[in-house]
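Visitor: The lines below spell out each chain.
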Amino acid sequence: MNMPFYVAPEQVMKDRADYARKGIARGRSLIAFRFEGGIAICAENTSSTLRKVSEIYDRIAFAGVGKYNEFDQLRIAGVRHADLKGYSFSREDVDARSLANQYAQSLGQVFTHEMKPMEVEILVAEIGTAEDGSQDQLFHILYDGTVMDEDMSVVLGGETDTIRQRFGDLDAPPTLADGVARAVAALGGPERTLAGGDLEVAILERGTGRRAFRRLEGPELTAILTP
Amino acid sequence: MNLPLFQAQDDPGPSFAELLKRTGFSDTVAIDSAVPASEFRHGTTCVAVRYADGVLLAGDRRATSGNLISHRTIEKVFPADRHSGVAIAGAAGPAIEMVKLFQLQLEHYEKVEGGALSLEGKANQLGQMIRGNLPAAMQGLAVVPIFAGFDVGRDEGRLFEYDVTGGRYEETQHASTGSGSLHAGTVLKLGFRESLDAAAVTDLALESLYEAADEDSATGGPDLVRGIFPVVALINAAGYTRVDDVELAERTRALIDRRQNQ
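Quick mapping for you: the protein sequence lines, in order, are chains A and B. Per the numbering used here, the first sequence runs over residues 30 to 256. Per the numbering used here, the second sequence runs over residues -8 to 253.
In short, the hints are calculated from the structure, not lab data. Ideal placement from N, C-alpha and C gives every residue a C-beta, glycine not left out. All clues given are correct.
Simulated pairs of lysine-lysine, DSS-like, Cα-Cα distance not exceeding 27 Å:
id	chain 1	residue 1	chain 2	residue 2
1	B	Lys12	B	Lys91
2	B	Lys12	A	Lys114
3	A	Lys145	A	Lys96
4	A	Lys114	B	Lys91
5	A	Lys96	A	Lys51
6	A	Lys43	A	Lys96
Covered stretches of chain A (in silico footprint by chain B; criterion: 3 or more residues with CB under 8 Å from a CB of chain B, positions within the stretch not fixed):
id	stretch
7	112 to 119
8	131 to 139
Residues on chain B that point at chain A, a partial pick, calculated with CB under 7 Å:
id	residue
9	His99
10	Lys102
11	Val103
All chains, please: the whole structure from these sequences, using the hints.
Guide: Written as structure tokens, this is what we have:
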């Protein structure tokens, strides 16, 4: 007869967390911050087709780092959740907080019950209707379902401490160009200079109609990056 | 409401209708055939015309229930997405629901797939939705839309007519649908020229609806007293824009002046 071997729950959770963190640290990081006209998400991404940042709903954006297929699955689930909710109630009933809670539930469930945790860290960002940006929200969700409500800016991925230090704290929302320049410098570090092709930048912009999400690409991005 | 996560084998893909089915939202309603079709609101005449920069969509504002005017300011022309629009004729309830689902379907696809459907793909999607409505159509709740859009791949405006079975027919010049479509269509046919400009095509569309309202009791004419004018939308490379009522009022007054001086 085989003896079932015993592993302490603390050990199981620690191993899973280490495994997930290692997976996340292999990928490139991203920074999201509030700027004068909304929220910007700036990611280091050499692929022009596989996206880390995308639109979820009218005023809600999603960003993920870590294992691509896992955060992409979460992204699609988020789009489905939001579209279904908007269809059965009303478009204004779709909000980032409830979506972040749903993500936290799913990630927590996978972390404790499945063999393998998800190697992802995700961000749900929403711009509010207030002109001064006081209702803007940034939810940072970890692989184990931990949710953090951030105020001005957030860094996702590996080496977050170093990047966060380089980015620094924002006292007030900067202009878009200033914020992006700061984020690009923080992501690249002292040795590397990131160019337009290494970056994926998208914004949630206030006052542009129903769908606030927009990508900054090509000449527009180059213009912003050129001081 | 849980996060809709699926196993790879039963993933609904980018289809919103399929997602509704998989998650238990039902969009089909059984209709009691004992209720006469005249009890439901019906929408009436809509037209579409190609012009130099793209395509125009327009529709009158009257909804009827049998011989009663049930609504004077109903909208029958809607944006489908940034570069396309849809105009409806037939039973108002199912038609408006179909437009709502169609708009959601296009946006859902775009978000899930990371890119918009081709104009051809959008036209086929609408055809499938009309086919899905066939059982209701057989009981008097027919929906017969026109779909028009700017094809960014071909750099031109295109328009599509449908029948109740979902049959899709592309037209090269103009299209009309609804009970006044015979009269509106004749005006379009006589007035159509290649490469009409935005002003000329708007005048032509207004005239076609004016004549349709003259001959068809279920089509509403312009109402200068209440300030009700048709909904006219232009779709071109810049996207979908609705022509504002101030301009429509001026053009309608000019049209009436022309009629009085004839």
